[in-house]
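Modelling step: build the complete structure from the supplied sequences, incorporating the hints.
Protein sequences, first through last, are from chains A, B and C. Yeah, the first sequence ends on 521 if you go by the working numbering, and it's all consecutive. Yeah, the second sequence ends on 344 if you go by the working numbering, and it's all consecutive. Yeah, the third sequence ends on 293 if you go by the working numbering, and it's all consecutive.
Mixed in with the good hints, there may be bad ones.
[Claimed, not checked] Derived SDA-like pairs: lysine to any residue, alpha-carbon spacing no greater than 20 Å straight-line:
#1 A/344 to B/227
#2 B/263 to B/173
#3 A/344 to B/238
#4 B/263 to B/168
#5 A/143 to C/114
#6 B/315 to C/11
#7 A/344 to B/237
#8 A/133 to A/150
FYI, nobody ran anything at the bench for these hints, they're computed from the structure. What you are looking at is a predicted structure, and each value in this text was computed from that prediction instead of being measured.
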Amino acid sequence: MTDSRSAPFAVRLTDIRKSFGPVQANHDASLDVAGGEIHALVGENGAGKSTLMRVLSGMYAPEGGRMEVLGRDVTGWSTAQAIDAGVGMVHQHFMLVPTLTVAENVMLGRELVARGQLDLARAEREVTELSQKTGLAVRANAKVADLSVGEAQRVEILKTLYRGAKVLILDEPTAVLSPPEIDELWQVLRQMRDRGETIVLITHKLDEVMEISDTITVMRHGRTITRLRTADTTPNEIARAMVGREVQLASQQAGIATPPSANPSHLPPAQPLLVVRDLVVEDVRRLTAVDRVSFSIAPGEILGIAGVEGNGQTELLEAIAGLRPVQSGRVEIAHRDATTLSVKARGDAGLSHIPEDRHARGLILDYSVAENLILGQQHRFTRGVRIDGEAMLENAQRAIATYDIRPPDPLIAARALSGGNQQKIVIAREMARSFQVMLAAQPTRGVDVGAIEFIHARLREARDDGNAILLVSADLSEVLALSDRIAVMYEGKIVVVLPRRDASEEVLGPYMTGVGAEHAA
Amino acid sequence: MKDFEEAILPAIVALLIAAIVGDVLILTFGQNPGTVYRLLIEGTWGNAYGIGQVLYKATTLTFTGLAVALGLRAGLFNIGAESQLAAGGFAAALVGLILPPGLPSLLTLPVYFVVAALGGGIVGGIPGVLKSRFGAHEVITTIMLNFVVLALLNYLTAAHLRAGDSLHTAEIHAGELPRLSTYAAAFHGSAANVTIILALLVAAGTWWYLFRTRRGFELRATGLQPAAAEYGGIDVRGVWWRAMAISGALAGVGGLNYVLGYKHYYEEAFASGYGFLGIAVAIVGRNNPVGVVLAALLFATISQGGLAVNAVVPKQMVDVLQAVVIIAVAASVPEVRRLLRRAR
Amino acid sequence: MIVLIFLAQTLRISIPYIFAASGGVISERSGLIALGLEGYMLTGAFCAAVVAYYTGSPWIGILSGAAGGVAMALLYAYTVIRYRADQVVVGIAINLLASGATRFFLRLAFHSSSNSPRIAGFGGEHAAAGMAALVGNPLIWLGIFAVGVTAWLLYRTPFGLRVRAVGEHPAAAVSVGINVARIRYLAAGLSGLLAAMGGAYLALDQHQFTAEMTAGRGFIAVAAVIFGRWDPVRAALACLLFAAAETLQIQLQGTQIIPSQFIEMIPYVLTIVALAGVVGRATPPAALGQVAE
Numbered sequence: 001m002t003d004s005r006s007a008p009f010a011v012r013l014t015d016i017r018k019s020f021g022p023v024q025a026n027h028d029a030s031l032d033v034a035g036g037e038i039h040a041l042v043g044e045n046g047a048g049k050s051t052l053m054r055v056l057s058g059m060y061a062p063e064g065g066r067m068e069v070l071g072r073d074v075t076g077w078s079t080a081q082a083i084d085a086g087v088g089m090v091h092q093h094f095m096l097v098p099t100l101t102v103a104e105n106v107m108l109g110r111e112l113v114a115r116g117q118l119d120l121a122r123a124e125r126e127v128t129e130l131s132q133k134t135g136l137a138v139r140a141n142a143k144v145a146d147l148s149v150g151e152a153q154r155v156e157i158l159k160t161l162y163r164g165a166k167v168l169i170l171d172e173p174t175a176v177l178s179p180p181e182i183d184e185l186w187q188v189l190r191q192m193r194d195r196g197e198t199i200v201l202i203t204h205k206l207d208e209v210m211e212i213s214d215t216i217t218v219m220r221h222g223r224t225i226t227r228l229r230t231a232d233t234t235p236n237e238i239a240r241a242m243v244g245r246e247v248q249l250a251s252q253q254a255g256i257a258t259p260p261s262a263n264p265s266h267l268p269p270a271q272p273l274l275v276v277r278d279l280v281v282e283d284v285r286r287l288t289a290v291d292r293v294s295f296s297i298a299p300g301e302i303l304g305i306a307g308v309e310g311n312g313q314t315e316l317l318e319a320i321a322g323l324r325p326v327q328s329g330r331v332e333i334a335h336r337d338a339t340t341l342s343v344k345a346r347g348d349a350g351l352s353h354i355p356e357d358r359h360a361r362g363l364i365l366d367y368s369v370a371e372n373l374i375l376g377q378q379h380r381f382t383r384g385v386r387i388d389g390e391a392m393l394e395n396a397q398r399a400i401a402t403y404d405i406r407p408p409d410p411l412i413a414a415r416a417l418s419g420g421n422q423q424k425i426v427i428a429r430e431m432a433r434s435f436q437v438m439l440a441a442q443p444t445r446g447v448d449v450g451a452i453e454f455i456h457a458r459l460r461e462a463r464d465d466g467n468a469i470l471l472v473s474a475d476l477s478e479v480l481a482l483s484d485r486i487a488v489m490y491e492g493k494i495v496v497v498l499p500r501r502d503a504s505e506e507v508l509g510p511y512m513t514g515v516g517a518e519h520a521a
Numbered sequence: 001m002k003d004f005e006e007a008i009l010p011a012i013v014a015l016l017i018a019a020i021v022g023d024v025l026i027l028t029f030g031q032n033p034g035t036v037y038r039l040l041i042e043g044t045w046g047n048a049y050g051i052g053q054v055l056y057k058a059t060t061l062t063f064t065g066l067a068v069a070l071g072l073r074a075g076l077f078n079i080g081a082e083s084q085l086a087a088g089g090f091a092a093a094l095v096g097l098i099l100p101p102g103l104p105s106l107l108t109l110p111v112y113f114v115v116a117a118l119g120g121g122i123v124g125g126i127p128g129v130l131k132s133r134f135g136a137h138e139v140i141t142t143i144m145l146n147f148v149v150l151a152l153l154n155y156l157t158a159a160h161l162r163a164g165d166s167l168h169t170a171e172i173h174a175g176e177l178p179r180l181s182t183y184a185a186a187f188h189g190s191a192a193n194v195t196i197i198l199a200l201l202v203a204a205g206t207w208w209y210l211f212r213t214r215r216g217f218e219l220r221a222t223g224l225q226p227a228a229a230e231y232g233g234i235d236v237r238g239v240w241w242r243a244m245a246i247s248g249a250l251a252g253v254g255g256l257n258y259v260l261g262y263k264h265y266y267e268e269a270f271a272s273g274y275g276f277l278g279i280a281v282a283i284v285g286r287n288n289p290v291g292v293v294l295a296a297l298l299f300a301t302i303s304q305g306g307l308a309v310n311a312v313v314p315k316q317m318v319d320v321l322q323a324v325v326i327i328a329v330a331a332s333v334p335e336v337r338r339l340l341r342r343a344r
Numbered sequence: 001m002i003v004l005i006f007l008a009q010t011l012r013i014s015i016p017y018i019f020a021a022s023g024g025v026i027s028e029r030s031g032l033i034a035l036g037l038e039g040y041m042l043t044g045a046f047c048a049a050v051v052a053y054y055t056g057s058p059w060i061g062i063l064s065g066a067a068g069g070v071a072m073a074l075l076y077a078y079t080v081i082r083y084r085a086d087q088v089v090v091g092i093a094i095n096l097l098a099s100g101a102t103r104f105f106l107r108l109a110f111h112s113s114s115n116s117p118r119i120a121g122f123g124g125e126h127a128a129a130g131m132a133a134l135v136g137n138p139l140i141w142l143g144i145f146a147v148g149v150t151a152w153l154l155y156r157t158p159f160g161l162r163v164r165a166v167g168e169h170p171a172a173a174v175s176v177g178i179n180v181a182r183i184r185y186l187a188a189g190l191s192g193l194l195a196a197m198g199g200a201y202l203a204l205d206q207h208q209f210t211a212e213m214t215a216g217r218g219f220i221a222v223a224a225v226i227f228g229r230w231d232p233v234r235a236a237l238a239c240l241l242f243a244a245a246e247t248l249q250i251q252l253q254g255t256q257i258i259p260s261q262f263i264e265m266i267p268y269v270l271t272i273v274a275l276a277g278v279v280g281r282a283t284p285p286a287a288l289g290q291v292a293e
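Written out as structure tokens, the structure reads:
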């Protein structure tokens, strides 16, 4: 490995500034990456990592600062120029056109032409060759819409290599991958580094940082906090730099957390409040997403579902909530058959739902905080045919005070609030309704550390009040920290259910990748 | 204050651009823009007759504008206001021909109101149901239904109802609405009638429905974020067809202005152009009933102004100007919002 | 013979639809809703008529008509791309603009509010003469050719690949350095050009421009685009189907078997039925109607 102090910098960003309206995403952010190294760019959600990398890849023009790539001043260049100079970016949300084939996607923008027409045959040949050379297995003539997530990511990486990328940026590449796919990715990245290519990895997962990176840049609130050598640092030091104060790392927290369940075993087992039996649900592509899933949750119990995202968790929750039709099977909410009930009827039967996507589902961004706080219960705030404005405002003031929603203005649009405060609106609303069963999907996604603890405490309280809670989280440490029992979902099936005391990352890992399923079956 | 700026600036920008385009058109016709604009103002707001004509046109436009605005609040583009307006007027005329002559307006008006709303509501409800039930896009179905419904009404009029060789039905003698000239002689000859009061009441009712009722809460939620509305237990498909039916009903009631207030018969093509202009009115009025009333006055002024200047420049000039206003407002609404948000 | 005449008439009627629908497919595949087709056609017809009148050459007329359609389409594209204006609103306003402007300039040019004087065109005195008109009108062959060219462009060229990418996932196109706005301007321009050729065909076929002579044909073309599921060949077949219904209407006129208004409705009813049933599940380009980032 080259010594990064003497090697010429492959990427040098100095004092980059970029804002979106009132939001300053980058102020004076800097990044130095030596050639031939794997560099981790870390920080909490919203720290400005992706913005900085989009500036580097030419998608955003910086408002100030200087950019150098491979010794050239490239400040404010375009995407096309960045690609030409060998800078490629793999985005968190894939930049692939689902209706086109792999080969078409790879050559898009660099089309191969023969006799005035697209040379699809040659493109497929070249993609296959590149695929064999790099070990990134893809089917060149497959439609992208039909690919698995892991395969789609390989196409993304191939796409940048096809364009001769010498500097590869990956934005949270492991978020959608299973552990074996992650290992495969690390192998590919190490090979690339050994060929002299430079890799910048955006992540907030410290175990990844320690495992794969050579050097680290930490960002917080749009600024660069520090630059570290991986060999000389510890996860604690990085975490401190990320959040700006001493923290307990989630994995440690999980180890000590989970107060004993409020469901003491000497009581007779209560009738479960949520029962799901042989549930089959299809996804948008009409493929089976939830495959004969059965479980039940007792009063005072949190059942956590672990699993790599995209293994049917979304469809399962939406089916229980009434947002997605059920092909077969049965859902019972609070001792009542709810399989065909409407969303509203399920709410009245005692279901509360913190949805996974607050921007698309959980909030109406242009509605006021007060209006959002009654969404789903508007019929309870109605007098005759009109909405009772006073009751709505009172309700809002109560929630704002209890949940410390900022700014404390019930009439401001939800759009204007930070992500954490938006999530507090959702939590406040769903906690305030009368319920016996709660679905909590990614309850702390994109929320800052302080609010995470607060939200976890509310979920435990709800559990201790005798409600049944179904928790789904992409964050394994969150599942471990909150659940009384843990189920693992893999390819639409529940492959294992373990009591909390028998579960750990080591035990769950194989099940999440489908390896454990063979033992279980 | 910023919200007010955001609402009013696009209209001002649009009028400025329209004035410039108007200048160019007038100059190509070898006329003096100053003279033409003076004629336009004098012929509209310069005398009671002009004012009456503007008010008459604004009345119908308020109804079609409200129809489009309510649809847009639900996230639906109702391009069928023209045929809904025609159907409402046709239904009212049918009933009017049956009712015994000489009944007092106070008794017949509720009947006419319901019948016209039904006529328009059915025509609007069909694309609503097609959307809710089959996912058929309402932009296309309302356009197609315009052609279908107008052809059907033309057939019914021509084959069964027309008076003599005309393109209209016989006259109605039951519960016609009085013209404004009954109360103020200066309006003599203008078509303005008391339907205008109905228009204002309906606008107020629409505002109340949208912003004060649970149904309105659910309608706007559906328009803003259907997925969140669905999550909030709102029957999105129900909102769709109801919104389209109400939208059609609003346009349908507008038919009373012509059939009951002005000519006292149904005539082919009386609704012509009011549907598309209703879209313009809704857009310029920012889908707010108050804004719709003001925008209806604006477009009615431009329309009537065309007739006032026709002797000097072709009245088609105002069609061009109306299109320019629509395009300019559509273009400047997002732009103004962006600039204002940046300035904040 | 009757069948042949029927087919010939169907083809003649379908040509303006086919031109406009081909343009509509390109526009919508790039993500731009093509509600302005009617306006492009009308502008095309008017410009073609005026220039053909003054030059005496139908060919220069066609070129001018195409230029007029391109100008209208670019105005549309400019407002929806640069200013992010709503595509449905501007699309409809374009139609109003074309309707107003053509009648305004009709009065300016010919002092008539209804029609232009007789212009040079294609085909004989009696346009309905059948086969002779078919052979004699190069625009008919050009229209059929346009379908093939559109399909080839869309599926076989780099430009077409980019159009499809831009209409489906514009951010992905941006990420590989494609200028989304440029592709959309080009697609819009092409749609204006093709639709205007359809309009020019009308004027040259009838040897004059009359006010509102497109009479909703642009909307039929929009219907054909959807009915044909955004594919040029299927859209052209939809145009033929609609044209056949219209031919039937003309053939049955005067027979009093069915009132003409009912036959008039056929294409529209067919489209609604198709939208509700056949095309209900067809997926439009994912980014249709959305503004590029």
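Now for the hints, and whether the structure bears them out:
no., hint, result
1, A/344 to B/227, "holds (14 Å)"
2, B/263 to B/173, "holds (11 Å)"
3, A/344 to B/238, "holds (13 Å)"
4, B/263 to B/168, "holds (10 Å)"
5, A/143 to C/114, "violated (53 Å)"
6, B/315 to C/11, "violated (37 Å)"
7, A/344 to B/237, "holds (14 Å)"
8, A/133 to A/150, "holds (18 Å)"
Of the numbered hints given earlier, the model fails hints 5, 6; all others are met.
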